[in-house]
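*Asks:* Same order as they appear, the protein sequences are chains A and B.
Each step along the first sequence adds one to the number in UniProt numbering, with nothing skipped, and position 50 is 50.
Each step along the second sequence adds one to the number in UniProt numbering, with nothing skipped, and position 494 is 494.
Be a bit skeptical, because a hint or two may be false.
As the list claims (entries may be wrong) - Derived contacts from chain A toward chain B, CB cut-off under 8 Å, selection only:
| no. | residue |
| --- | --- |
| 1 | Phe-142 |
| 2 | Tyr-197 |
| 3 | Lys-199 |
| 4 | Gly-234 |
| 5 | Glu-262 |
As the list claims (entries may be wrong) - Subject to a maximum C-alpha distance of 20 Å in a straight line, what follows is the list of computed EDC-like cross-link-like pairs (lysine to aspartate or glutamate):
| no. | chain 1 | residue 1 | chain 2 | residue 2 |
| --- | --- | --- | --- | --- |
| 6 | B | Lys-128 | B | Asp-165 |
| 7 | B | Lys-259 | A | Asp-258 |
| 8 | B | Lys-108 | B | Glu-172 |
| 9 | B | Lys-299 | A | Asp-237 |
| 10 | B | Lys-262 | B | Asp-234 |
| 11 | A | Lys-199 | A | Asp-214 |
| 12 | A | Lys-199 | A | Asp-237 |
| 13 | B | Lys-128 | B | Asp-76 |
| 14 | B | Lys-481 | B | Asp-76 |
| 15 | B | Lys-257 | A | Asp-237 |
| 16 | A | Lys-192 | B | Asp-301 |
| 17 | B | Lys-523 | B | Asp-534 |
| 18 | B | Lys-429 | B | Glu-338 |
| 19 | B | Lys-299 | A | Asp-258 |
| 20 | B | Lys-481 | B | Glu-453 |
For the record, the hints were derived by calculation from the structure and aren't laboratory data.
Think of the CB as a built atom: it goes at the ideal place given N, C-alpha and C, for glycine as much as any other residue.
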Amino acid sequence: MEEMQPKLLDLIPNERGWGVKANDRERKIGGGFGVREEKKLELRLGLPGEEDWNANRKKTEGLCANVNPPFSLGLFGASQTKQEGLITGEAQKIHAKADNQTSIVERKAIAHAATSPAAAPLPSNSRAANAPVVGWPPVRSFRRNLASTSKTVLEPQKWASGTSAKFDNSTKGLFVKINMDGVPIGRKIDLKAYDSYDKLSSAVDQLFRGLLADQRSEIGTEKNVEEKGKAIQGLLDGSGEYTLVYEDDEGDKMLVGDVPWEMFVSTAKRLRVLKSSDLSASTLRTTSRKRAATEC
Amino acid sequence: MPYFPQEVVECIFSYLTSHQDRNSVSLVCKDWSVIEQKTRRHVYVANCYAVSPTRVATRFPGLWVLTVKGMPHFADFRLVPRGWGGSVQPWINAMACSCPRLEEIRFKRMVVSDESLMLISRSFPNLKALVLVSCRAFSTDGLTYIASSCRQLRELDLQENEVNDRGSQWLECFPNSFTSLESLKFTCLRSAVNSATLEGLVARCPNLRTLHVNSSISVECLSRILIRAPRLVDLGTGSLSSNQMGWYRRLFYSFQKCKGLKSLSGIWFVGPRTFQPVVYPVCGNLLSLKLSSAPWILKSDLLNVISNCPRLQKLWVVDRIGDEGLAVVGSTCQDLRELRVFQSNFHGPSCWVTDEGLIAISTGCPKLNCLLYYCAQMTNAALMTVAKNCPDLIQFKLRNLDPVKPDPVTNHPLDEGFGAIVQGCKGLKRLSLSGFLTDQVFLYIGMYAEQLEMLSIAYAGETDNGMMYVLNGCKNLRKLKIQDCPFGDGALLEDFTKYETLRSLWMSSCEVTIGGCKALAAKNTQLSVEVISDLNSISGLSLEPSKNQRAEKVYIYRTVAGPRTDAPTNVSIL
Numbered sequence: 001m002e003e004m005q006p007k008l009l010d011l012i013p014n015e016r017g018w019g020v021k022a023n024d025r026e027r028k029i030g031g032g033f034g035v036r037e038e039k040k041l042e043l044r045l046g047l048p049g050e051e052d053w054n055a056n057r058k059k060t061e062g063l064c065a066n067v068n069p070p071f072s073l074g075l076f077g078a079s080q081t082k083q084e085g086l087i088t089g090e091a092q093k094i095h096a097k098a099d100n101q102t103s104i105v106e107r108k109a110i111a112h113a114a115t116s117p118a119a120a121p122l123p124s125n126s127r128a129a130n131a132p133v134v135g136w137p138p139v140r141s142f143r144r145n146l147a148s149t150s151k152t153v154l155e156p157q158k159w160a161s162g163t164s165a166k167f168d169n170s171t172k173g174l175f176v177k178i179n180m181d182g183v184p185i186g187r188k189i190d191l192k193a194y195d196s197y198d199k200l201s202s203a204v205d206q207l208f209r210g211l212l213a214d215q216r217s218e219i220g221t222e223k224n225v226e227e228k229g230k231a232i233q234g235l236l237d238g239s240g241e242y243t244l245v246y247e248d249d250e251g252d253k254m255l256v257g258d259v260p261w262e263m264f265v266s267t268a269k270r271l272r273v274l275k276s277s278d279l280s281a282s283t284l285r286t287t288s289r290k291r292a293a294t295e296c
Numbered sequence: 001m002p003y004f005p006q007e008v009v010e011c012i013f014s015y016l017t018s019h020q021d022r023n024s025v026s027l028v029c030k031d032w033s034v035i036e037q038k039t040r041r042h043v044y045v046a047n048c049y050a051v052s053p054t055r056v057a058t059r060f061p062g063l064w065v066l067t068v069k070g071m072p073h074f075a076d077f078r079l080v081p082r083g084w085g086g087s088v089q090p091w092i093n094a095m096a097c098s099c100p101r102l103e104e105i106r107f108k109r110m111v112v113s114d115e116s117l118m119l120i121s122r123s124f125p126n127l128k129a130l131v132l133v134s135c136r137a138f139s140t141d142g143l144t145y146i147a148s149s150c151r152q153l154r155e156l157d158l159q160e161n162e163v164n165d166r167g168s169q170w171l172e173c174f175p176n177s178f179t180s181l182e183s184l185k186f187t188c189l190r191s192a193v194n195s196a197t198l199e200g201l202v203a204r205c206p207n208l209r210t211l212h213v214n215s216s217i218s219v220e221c222l223s224r225i226l227i228r229a230p231r232l233v234d235l236g237t238g239s240l241s242s243n244q245m246g247w248y249r250r251l252f253y254s255f256q257k258c259k260g261l262k263s264l265s266g267i268w269f270v271g272p273r274t275f276q277p278v279v280y281p282v283c284g285n286l287l288s289l290k291l292s293s294a295p296w297i298l299k300s301d302l303l304n305v306i307s308n309c310p311r312l313q314k315l316w317v318v319d320r321i322g323d324e325g326l327a328v329v330g331s332t333c334q335d336l337r338e339l340r341v342f343q344s345n346f347h348g349p350s351c352w353v354t355d356e357g358l359i360a361i362s363t364g365c366p367k368l369n370c371l372l373y374y375c376a377q378m379t380n381a382a383l384m385t386v387a388k389n390c391p392d393l394i395q396f397k398l399r400n401l402d403p404v405k406p407d408p409v410t411n412h413p414l415d416e417g418f419g420a421i422v423q424g425c426k427g428l429k430r431l432s433l434s435g436f437l438t439d440q441v442f443l444y445i446g447m448y449a450e451q452l453e454m455l456s457i458a459y460a461g462e463t464d465n466g467m468m469y470v471l472n473g474c475k476n477l478r479k480l481k482i483q484d485c486p487f488g489d490g491a492l493l494e495d496f497t498k499y500e501t502l503r504s505l506w507m508s509s510c511e512v513t514i515g516g517c518k519a520l521a522a523k524n525t526q527l528s529v530e531v532i533s534d535l536n537s538i539s540g541l542s543l544e545p546s547k548n549q550r551a552e553k554v555y556i557y558r559t560v561a562g563p564r565t566d567a568p569t570n571v572s573i574l
């Protein structure tokens, strides 16, 4: 494939000749490309700016209104019926010659006008701030109706959005009780403070590590020092000594980590850290039965 | 030349599926033409007035599939007055007489009445598919005929139609013995649907793979439907919001069962931070996600979902996704083939999506085929980047919200950018331009856009040369749609031979005059030149218009059926 970045020179039509009828006129314009390239930086006199067809466009202010080809007058003035023939003929004669110049003037004017690019967007913005152009942008009636009816859909659902506030990250915390096997005193943990299961797992570890060590230290003696610092790992995947489970709003015991985090936060009512060996058949049956029920 | 018996030739022709091939084959000799007519199964009529329905029906008695399009494309944007025409009745009448074995009927942008629907239901016992897109003038009563009589129906597809919705009784008209449904789309209907009826229908149609419901369907009903139809491939949801506790998880588990779901749309309303968790189970397999009906999805929710959909090939969003959002799309969805970014705000400009978003997309998604982009601004540099990164573009529609806006960085017109597009994307077939554009861009299009079939222009160009470059250069051009450009009679009348290959030309708010149109009509008898005036216009065509009066809307199309007889008074056929 050829160079993708079309430089100006690439766009000079060579012997292609793409079947244009008015050969002489087009050739002149064609030749103008090369001319244009060389004379890009030269100032040239062009035809004075006339009332341009841009006035028919709804937006007339802005930089580019000034740089329309001035000799377009004759070709579009629908009201100028008498002069039309004359001017069209004339315009066609000067068309070929002046095309180069005006285009260059055009570009020059644009280049001059765009001295401060920072200023450039401003007029455009003011244009954009005007009333929208009739018939633009094209919007399907279907989509337009969608916008108006969907606003009514929005209204009655506002009350529903109140309930979805329970899924919101409200500023108050969501404290749930958490108990651990072998630790008589339960704790409370703020689920809102975490945004992933890993963070929750490490928080649980932090919370109970000390407590667990204290419990064990009553039993053992020399192992004190090492036990105190032992981390509680593998809470989520069943690989560790303990496993984290939770009770949801329907009272079922579920393994933590099954559902997406946000759903877990909104439905978890209570957490438990169970010994993995204690993860009894009955507990597991509850969770798997629930899943099976929805899968059948 | 070896002699083939007719049956052998018929058998050979049955392998020819493309219309072009069939057209060529029918021109070889009389025998082949006869055989081809007997064996043609699909006819695609791109303009309902280009050919007479009776002629089509009698010529191809073995038809199975008929597709007809009516109003010009700009009817979608309310530029065509309502009574313009495009009724399906003559087509149904003709087909009922001569092609009773018709199995599939597809109408786009046509006027369909309840009587037509009743006639369809009674005339075609083998009807398997009825597809109505952007049609109007029928009511749900008409649908009751279809539901009750078409026993073999597999596909009922209603998209973006203007329907007089009198209730959802039509859904109850599907008999209990009806089990063949494979695809049902009724998003354009507004009235509430009886959940039990819909669930019953879903339950007894085991082959249902496509279901697009309307916004009245609740989340609970959707959950139940998904559980009954876990093999759905294409789902359009209703509203995804509810006040009942537990729906959240139930829907999640329902989606978990839909292992084959590839296409998701609808999502009329969904609360914050609920969208992603709920559809999470299907994201990984999603190929198509259309969210243009849901402009209020929180951007964070939207991006959460998209970043979990790496296999996405088709994405429709609203411009609130913003440039940053498009960057996420670009980095996640390398397989993306189609992206449509619609505007969300119809009453003023919006600034969410700009040229930067386009650059991000083109950088990340080199396989793009189709791009529709409503944006606040565009630069030549961005367009050149697209041309470089996405050479496989077939369809590119840029809708600058300010239609005459130049490149805001350089203040140049967007000619070079679009020139790069037509030069770089060799397979480009459909192009829609906007932004400040001079004749130069048309020169590039005429020179480089060899495969271009459809071109849509608005507020562009400076002289008749612009239009002439295009007409002379684009050999494959079929549809040319122009609005608010300074092209006049010079361009219109320059080359009459062009109109033999051009299927249709639409010019509105340009500089063509009645005189020019008359001259064109006189020169070319196989061309229908319609001058359309608005009903409310003071200088209606009932008064004899002067030659130099501007023709506000002109629709020119080639036809072998002669001037149509059903034109309303505000349409004058010259």
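*Asks:* Hints first: check each against the structure and report whether it holds.
*Replies:* Verification of the supplied hints:
1. Phe-142: 4 Å, holds
2. Tyr-197: 14 Å, violated
3. Lys-199: 18 Å, violated
4. Gly-234: 25 Å, violated
5. Glu-262: The hint holds - A:Glu-262 has a Cβ within 8 Å of chain B, the shortest such distance being about 5 Å.
6. B:Lys-128 - B:Asp-165: This hinted pair is violated, its Cα atoms lying about 24 Å apart.
7. B:Lys-259 - A:Asp-258: It holds: about 17 Å lies between the C-alpha atoms, which stays within 20 Å.
8. B:Lys-108 - B:Glu-172: Judged against 20 Å, a Cα distance of about 26 Å means the pair is violated.
9. B:Lys-299 - A:Asp-237: 32 Å, violated
10. B:Lys-262 - B:Asp-234: Status holds; Cα separation ~6 Å.
11. A:Lys-199 - A:Asp-214: Distance ~23 Å between A:Lys-199 and A:Asp-214 Cα, so the pair is violated.
12. A:Lys-199 - A:Asp-237: 14 Å, holds
13. B:Lys-128 - B:Asp-76: Cα-Cα ~28 Å, so violated.
14. B:Lys-481 - B:Asp-76: 13 Å, holds
15. B:Lys-257 - A:Asp-237: Violated: B:Lys-257 and A:Asp-237 sit about 23 Å apart, past 20 Å.
16. A:Lys-192 - B:Asp-301: 18 Å, holds
17. B:Lys-523 - B:Asp-534: 26 Å, violated
18. B:Lys-429 - B:Glu-338: 14 Å, holds
19. B:Lys-299 - A:Asp-258: Status violated; Cα separation ~26 Å.
20. B:Lys-481 - B:Glu-453: 11 Å, holds
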